[in-house]
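A.B. asks: Construct all of the structure, not just a fragment, from the sequences and the given hints.
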Amino acid sequence: MTDVAADDLDAFRGEACAWLAENFPASLRGGQDPTRAPGPQVLTPDQTLWKQRMADKGWATPTWPAAYGGGGLSAAQARALQQEMDRTGAYNPMYGMGLMMLGPTLLEVASEAQKARHIPPIVRGEVRWCQGFSEPGAGSDLASLATRAEDRGDHFLVNGQKTWTSGGQYADWCFCLVRTDTARKHAGISFVLFDMKTPGVEVRPMKLISGASPFCETFLTDVVVPKENLVGPLNGGWDIAKRLLQHERTGISGNAKPAAADVPLAELAKRYVGLDAAGRLAEPDLRARIAANDMAAHAFQLTAERVLKETKSGSPSAGSSILKNAGTRMGQERDELRLEILGMAGIGWEGEGFEDGELRAVRTWLAGKATTIYGGSQEVQSNIISKRILGLPESTQG
Amino acid sequence: MTDVAADDLDAFRGEACAWLAENFPASLRGGQDPTRAPGPQVLTPDQTLWKQRMADKGWATPTWPAAYGGGGLSAAQARALQQEMDRTGAYNPMYGMGLMMLGPTLLEVASEAQKARHIPPIVRGEVRWCQGFSEPGAGSDLASLATRAEDRGDHFLVNGQKTWTSGGQYADWCFCLVRTDTARKHAGISFVLFDMKTPGVEVRPMKLISGASPFCETFLTDVVVPKENLVGPLNGGWDIAKRLLQHERTGISGNAKPAAADVPLAELAKRYVGLDAAGRLAEPDLRARIAANDMAAHAFQLTAERVLKETKSGSPSAGSSILKNAGTRMGQERDELRLEILGMAGIGWEGEGFEDGELRAVRTWLAGKATTIYGGSQEVQSNIISKRILGLPESTQG
Amino acid sequence: MAILTEEQAMLRDMAKGWAQEKNPVAAFRRMRDSGAPLGYDPVAWREMAQMGWAGVLIPEDHGGSDFGYLSMGLLLEETGRTLTASPLLASAVAAASTLRLGGSDAQKAKWLPTIAAGETVATLAVDEGPRHAPGQVALRAERAGDGYRLFGAKRFVLEGEGADLLIVSARTAGDPGDLEGITLFLVPGDAAGLTRARLSLADCRGAADVFFDGVALGDDAVLGTPGEGFALLDKALDRARAGLAAEMLGAASQAFEATVDYLKTRVQFGQLIGSFQALQHRAGRMFMELELTRSTVEATLAAIDAGSPDAPLLASLAKAKAGETFNLVSNEMVQMHGGIGMTDAHDAGLYLKRARAAEATFGGQAFHRDRYARLKGY
Amino acid sequence: MAILTEEQAMLRDMAKGWAQEKNPVAAFRRMRDSGAPLGYDPVAWREMAQMGWAGVLIPEDHGGSDFGYLSMGLLLEETGRTLTASPLLASAVAAASTLRLGGSDAQKAKWLPTIAAGETVATLAVDEGPRHAPGQVALRAERAGDGYRLFGAKRFVLEGEGADLLIVSARTAGDPGDLEGITLFLVPGDAAGLTRARLSLADCRGAADVFFDGVALGDDAVLGTPGEGFALLDKALDRARAGLAAEMLGAASQAFEATVDYLKTRVQFGQLIGSFQALQHRAGRMFMELELTRSTVEATLAAIDAGSPDAPLLASLAKAKAGETFNLVSNEMVQMHGGIGMTDAHDAGLYLKRARAAEATFGGQAFHRDRYARLKGY
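Protein chains in written order, with this note's numbering: chain F, 2 to 399; chain W, 2 to 399; chain G, 1371 to 1748; chain P, 1371 to 1748.
Please keep in mind that the hints were generated in silico from the structure rather than gathered at the bench.
Virtual Cβ for every residue (Gly too), placed ideally from N, Cα, C.
If a hint is listed, it holds; no wrong ones were tucked in.
27 Å max Cα-Cα, derived BS3-like pairs, lysine-lysine: (1) K116/W to K52/W; (2) K228/F to K186/F; (3) K243/F to K313/F; (4) K1386/P to K310/F; (5) K1746/P to K271/F; (6) K186/W to K228/W; (7) K243/F to K310/F; (8) K198/F to K52/F; (9) K1634/P to K388/W; (10) K186/W to K388/W; (11) K243/W to K186/W; (12) K116/W to K243/W; (13) K1386/P to K313/F; (14) K116/F to K58/F; (15) K1386/G to K313/W; (16) K228/F to K243/F; (17) K313/W to K243/W; (18) K186/F to K243/F; (19) K1634/P to K186/W; (20) K388/W to K388/F; (21) K313/W to K388/W; (22) K1634/G to K388/W; (23) K116/F to K198/F; (24) K116/W to K198/W; (25) K1386/G to K1634/G; (26) K243/W to K388/W; (27) K388/F to K1634/P; (28) K388/F to K1634/G; (29) K1746/G to K271/W; (30) K1480/P to K1605/P; (31) K310/W to K1386/G; (32) K186/F to K1634/G; (33) K198/W to K228/W; (34) K1478/G to K1605/G.
Far from chain W by the CB rule (all over 10 Å, computed), these chain P residues: (35) E1376; (36) R1400; (37) L1408; (38) G1422; (39) D1590; (40) D1631.
C.D. replies: As structure tokens, then:
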């Protein structure tokens, strides 16, 4: 699918540059990717065009095999492509769980037929996937999974309830953990795929404290899942899930980076608090804590950069294990400081009397509380660090 | 021994007032109790006189039975006496582990002969006691006690090693836990008393990080302890130790109160940092943290007062369980802030170039690190709160 | 828990019973979901007034019971536990205290009886920006004939949407930031030239911006001495801060208890999560902070009752401590409940939002740290 | 861990081997107990110099290796691990950097070769009070004939007792606190009118107060441009701060590792204490802070090597972060070791004392928070 066969990186870079110049619509240049809203996509003609061209080129999934529509690029070429896209102001129009988590996992463990069927639509951004792992009462603890899949010859009959289904109300397909053996815990779980339009699948959005509903409860009643949709061996779902979750973790600490739209704390404070005669923020107690948070963010960012470099150079990076806790901690502190700066304007909910930025600060703060809970809670991360990295013994008593 | 038989509190108060006026040497008025140095006592003639008079009166141990030389007062009378002493500027010249911990315990559990022998010298401040509980490698965990006492008919032969013997180098007698049954853990421990001059007792002072040596290692080699010195039943020492330790805990959080000689942080900062034009400390970041520590100290003090009131009124006081952790935490923060205020002068060790107050700040900081370790470590206290007060289940795994 | 008189113990038990049984968190949730414009349930408020709660700080000859601040603190603590929204703090504490401390006999006789009966909802209109700064008064009171005309705006006025009486700090001399030259005015809610804009807050309490466009007032509307209003206002604010700290203590206590209960029932990885030592120690930390906070709140209320000169220092201590502790506990409530605590259907989010709103009201932790240090002379 | 060149990796391994095997904490303890007047072991320093460590920041034509700050950071980190006391920071980093940044060809030719050889111990004499304040210069340099005379005192000068060369900030114009009017002087340790008073510090490093009673200097003693010394000094101080942060990172890392080892071997209540989850999470927290600190230290050293304009901001970040982390880790080292950690015979107290001394040197956390905010423009 790619026109580049040679190893010559410079040549590839030139080609990528030329292709982008020709194919990336100038109207989309520079701005943030506008297509990632949680709801259904509504694209402008130029956005549609760009998505189409990237789909044809396979460069939304640059390192995936060309045989399934991917870019077929080497890691070095993919990095060069990203650099060229950054330079051009271009963005990757594809996103979501299919691209980030399921695709890489399927490429590792799925059958040829499954790959041929499911990878190309991911490459082209045509199918939205959701994840059916969590269940009510299970939380971080997937081993107590209760959704059952009964063997009915050519298909499984699935009954149970999933929760925290991210974007379930907009998803086309679901990758799901089901119990296929009740006698064993981890070793009785299988990994299946099903169409969300299958009869018996019902989703109900859950309203969160921030007022948004990014997750659903998903009820499964006599859902027929053809056996061809079992990924990997029967009762082998646990290992697949672990592999898939590794792709998830890296994403969440990225939340620690302020969105471009967010004003830095100090700028916000200059407006709400003002400067003293010496040019310092007029409230020195607040100023010291803003500086402390800026410094924490700076240290976090330097660590993320260091981990990236170390990982690329092939050395093991102990730093990666701390990114999630450090990033989410600092991000939550930042969100709380933002409210403190805003005073009463930091508890506005909606309507007149508040600026958009003020209302967004409140919602961001509330939504951010989830960052220490999902994707491996802060506590689970601490356990992992103390056991896997520091080699401390299993907890037994205290 | 007391001249007051009537219940009339006012009458007693009047009598106490008169007795103090007559007997407390005017030269000692107001100043801090000068007799509590860790080393051997060196008393002025007036201090000796006062000690003698209080010994005769029994009022150093006001509620202990008159039969053993105590004051024989009711709790209400003892409070009135304390108030009169505070008003007069008088102090209690007796102190130490005999008075605070062993005496009350002996009064509860010892034989008549033991009480008759050991209580009067405590009342008169004539015998210094030390505690032989901790052993190397045991720390907070007394159940693994290894010092053995073999039954030799009329005496025990004791061999082993004790550590953290507070004031062991100055003590006359020791109350000590020994193992009299190796087959059982807690139920194999006995509580004995021995003279520190017994052959085979050797003490070696331990130098601490603060440079002081308030504790000793105590080596016991074939030490003969007469059977009459066994307190309570054989193998019943564990319960006695627990009772005794309850008397210890209340004392330590008192360390959170700054000694009268200590300058408040804000006063110290005024000198080392100065004030700005508006009369605030010139370093606002430091100022905010000094205020936070003052507020923590204030909240602690209000809690201590509340607990006292609640306890006196007979209601159970949950607040008492938090005093040690809250007080020691705040005290350690205060000690660290003091160093921060002093800058490089806050790391002086000795000699020229430093003021006495600067050097004391460093030693106080170092010595204070022990407050979260001894008398029930911070972690043990947290376990107690979560299990006994909050009713959380035994820790099992994590 | 402070040592209570028999009267106080009865009051507390009554309040606890009413709040837990008749006005639990579910009642607050219903009020919220109904979009009640006032930010409280008028029926519940009538019940509270009928029990005499609005008159606890009002002298007997003006229809109150004069039970004092420690007693009022018990009511606020118990209703705070269930997040009960009502004008108790704004009207029966903040405004009633200001009138009692600074009002003329005529002013007291006019307003206190209906405040005690819960018929008049009164409030303080203090701040002009989003951050609490009672000395930053720009709202002008201009001399006009025998009286004054007010021009300017007050922001985030508690119960501002429904208040029948507003006690407004206005500038009769000097510039914003000067503590001299501030005068307090009693402004009826229906005064000509007064308009309001309701604010929708995360904690769903009633608040509004209030605009004064030449509101005309007679000399009898002046509360206390003209130009010297700041001292009176500061004293009244301390009473409101102490009351709010009591409410926050109650809310934090219930949030904590709900969390400990959850630790005792929720199973993960085959264990009660309350058996995990790291969570136990964090729970122990919260318990410690709650006990410390209780001491500061009770001492502040008692100091106000005793007329102690320490009351301002203590009020700042209690408000700061309560803010810190309520934030800690409500954050941990969400974290320890995990995903379920993130849902709107669970109460954790309600406590979380209330914590930050209460923190911002009448000065947050940094405001009171600064004030504490100033009062201590450094 | 930064990506190292082959040269750097060799240097690091050499330093690690030497520190752990030839100069472990026990060596520092022996030096301390011997009452070594200089605050370091001259024999060990000679070995370090022979390995070329004193010349890492000095150009090759002046006898150094010019390996750069990242390389010097590796040496400081490894020797910091074992608390090795030496003039490496004061002489080979602080003073050598100042000379290299601001010295004339003649000055460099005169001093750098012997500094690189470890024969000259040089140092910065900056502060005049116990708290780091490089702009608060009162020490006067008066014009006298063809040169200057210095009057005043410097306090807490690192290696001040033994230094052969002092770089002294003096005031040639303006008042204490002004950043203009400061001039740096090269003052030989044996200059007439210079006296010293040795200080005994808790961390047993060499430091002294230095007094200047009319010390006479020629014009050739001026380092850099007269009156504009602060900018040069600040730049040199950032290099010293970065180096000290690297040393602190090393010390904190070893303190942490020793503590984790203890958690894995110490039994209480029939369990390894490392199995207690509350301690595990606290250990995890320390690990996180160490990783964050490492990133800031390495980034700062790399920025200095690259001549990046971010170096001042990063230096403040690294010094503050290292101070915070070293305090946390050394406090936990004592606490987690329990009673044994309180004894002088255990190493925990040595790390604890070093942490506070290093914090106070060249500005603590609050100093650098303030500086960070200033550099960021708020």
